[in-house]
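Listed below are the residues making up each chain.
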Amino acid sequence: MNRAARPVMYAALVLCALLTMLPFAWGVSGSLRSLDEIRSDPGALFPHHLTFGNFTRLFETQGFGRFLVNSVVVALIVVAGNILAASAAGYALAKLDFAGRRLAFGAVMAAMMVPFTAVFVTQFVITVDLGLADTLAGIALPGAALPLSVFIVRQYALSVPDELLEAARIDGAGEFRIFFRIFLPLAGPAVATITIMSFLNSWNNFIWPLVVAQSMSTYTLPVGLAATSQAAAHVTDYGLLLAGAIVVMLPVLVLFLFLQRYFVQGIAGTGLR
Amino acid sequence: MTTTLAPAAERARAVPKTAAHKASRARRTAVAWLFLAPFGLVFLVYTAIPTVAALALSLTDIRGADLRTPFAVDFTGVDNYLRLFQDDTFVRDILNTALFVAVGVPLTMGIGFTLALALNSGISRLRGVLRTVFFAPVVTNVVAVALIWQYAFHLDGTVNKLLGAIGFAGPNWLDDPNLAMPVVILLGVWRNFGIAMVLFLAGLQAVPRDVYEAAALDGAGRWRQLRHITLPLLLPTTLMVSVLLTVFYLQVFDEPYLLTGGGPLGSTESVALYTYRQFGAGEFGMSSAASFVTLALVTVVSVVQFRLLRSRT
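As given, the protein sequences belong to chains A and B, one line each in that order. Position 237 of the first sequence, counted from 1, bears residue number 237 in my numbering, the numbering being contiguous throughout. Position 98 of the second sequence, counted from 1, bears residue number 98 in my numbering, the numbering being contiguous throughout.
Treat the hints with care, since some could be wrong.
Below, a sample of chain B positions facing chain A; criterion: calculated Cβ distance under 7 Å [as the list claims (entries may be wrong)]:
1. Ser24
2. Ala32
3. Tyr46
4. Gln251
5. Phe279
6. Gly282
Hints in this document: simulated from the structure, not taken from any laboratory. Note that beta-carbon positions come from the ideal geometry of N, C-alpha and C, so glycine has one too.
Work out the full structure: start from the sequences and follow the hints.
Written out as structure tokens, the structure reads:
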């Protein structure tokens with residue numbers, strides 16, 4: 001690139017970056033304003049007086065502590081499920097020679113294609129039948145073994161040399177021991193990717209928890225935030241809602257800043273989230 | 001590590017194929033299915049059975065109240081599908097979804113591609129930071145973001161304040177049937193261009209440098225290099241990204257549901273939102289039929305995707 005074009009390019013890119021960040025800035029600025037201030041000057045770019053009152057109100061009167069705990073519990077179940085169930089399946093598909101392997105792999109690929117909107121009605125009926133409606137387990141289970149995670153682990157496992165596993169087999173190690181003691185420790189990058197993918201999936205999931213959670217005691221953060229927003233619609237208590245938005249977004253954004261590489265790998269590498 | 005394992009690997013290859021070996025294959029099959037069991041269970045309960053059941057339900061007149069007596073439900077064949085396409089609301093929602101795809105996909109790809117090209121064009125400073133910033137919307141929570149957009153786009157909101165500062169009287173974006181959809185699509189584009197950008201970046205980095213050097217020696221300028229080298233070589237990436245985004249946008253639910261609730265006057269209601277509404281109204285048969293229309297569309301696009309990917313590798 002020639003010398004004249006370079007500063008123009010930088011300027012354009014920085015402008016784009018600022019535009020991209022605008023919604024975050026609006027959210028943060030609005031969350032730090034009082035209700036009175038938002039009412040008297042709704043569109044102001046910056047707070048005149050900083051207040052953290054919206055955040056304390058969220059946790060003291062709106063039950064956000066409970067939603068936060070629920071979101072964390074659901075995410076833990078989902079992540080643990082993916083690390084164990086999806087890794088085991090991905091490993092078996094890549095490294096174990098067995099009857100029905102092509103069929104099983106075909107099922108994983110097909111499962112990645114089924115759109116959520118096509119199955120959530122019957123998923124809900126089944127969840128009710130299993131007695132899991134309005135429980136955290138009912139919210140977590142469908143995401144606890146994502147086909148995408150299986151696929152990611154399988155792709156990774158293909159690159160692990162067979163000799164390594166065969167050697168352990170000859171030395172008398174059982175298949176489960178090989179999986180836990182040899183494969184999983186080696187599969188760090190794949191496990192990191194599926195951990196982040198499934199965490200993101202769980203933390204940001206909205207429509208499924210919305211369908212399954214029927215009382216405030218099982219609301220996850222996004223569902224709690226949406227409910228708060230409906231309840232607050234007539235007062236347009238935007239400070240409170242924006243504070244809620246920040247509480248919902250912050251954990252993921254912080255994780256993203258530290259583990260960006262894996263986020264990008266997981267989402268872009270497979271094109272799904 | 002390899003040195004200690006090598007002799008064992010040698011031994012592994014030396015094992016002859018005997019009857020005992022065959023027996024061990026049966027054992028291995030059993031063990032493999034044991035590995036697959038936890039995933040398989042979740043797959044059966046939450047994907048396989050629901051898909052088949054949804055197809056079955058879509059052929060019946062089942063309603064919410066029938067759930068306790070599923071055998072009292074009548075088989076009505078393709079009746080629900082016929083009703084769907086006679087329903088003006090559904091036809092409108094199909095058109096809305098098509099609009100979302102038709103505008104959202106090229107816009108998302110255009111922005112993603114332009115940024116990828118800019119980030120790949122030899123700038124070194126800020127590159128990592130910029131990539132992080134452009135990708136950040138992808139990981140944000142849509143409920144949270146939708147609230148921020150409502151705050152910013154309401155009549156007295158920040159967007160109109162900014163417009164006012166440069167002399168425009170801003171409209172009531174989300175209450176105007178002609179303006180609500182552009183804002184909803186913009187939210188979709190904002191949340192997804194980072195994915196397109198990263199995929200294009202990966203594609204660009206796979207183009208060998210010396211192709212450009214050869215072209216430059218032959219006197220090809222930047223524009224000709226873009227047209228005759230970059231674009232043709234990126235065709236597989238472009239196809240993949242377009243299919244991916246099409247599948248995303250065909251199922252669009254969160255953005256319209258949260259930003260406008262499908263309004264005003266149904267101007268932003270998508271097929272997925274229609275499915276959800278029918279479900280909420282207890283019309284499980286109709287809801288399942290609508291969901292199968294989505295499944296059919298997504299399957300067509302996905303099959304095309306797999307064909308294209310296979311022909312590439």
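We went through each hint and held it up to the structure:
no. : hint   : in the structure
1   : Ser24  : violated, 10 Å
2   : Ala32  : holds, 4 Å
3   : Tyr46  : holds, 4 Å
4   : Gln251 : holds, 5 Å
5   : Phe279 : holds, 5 Å
6   : Gly282 : violated, 11 Å
Violated hints, listed in ascending order, are 1, 6; each of the other numbered hints is respected by the structure.
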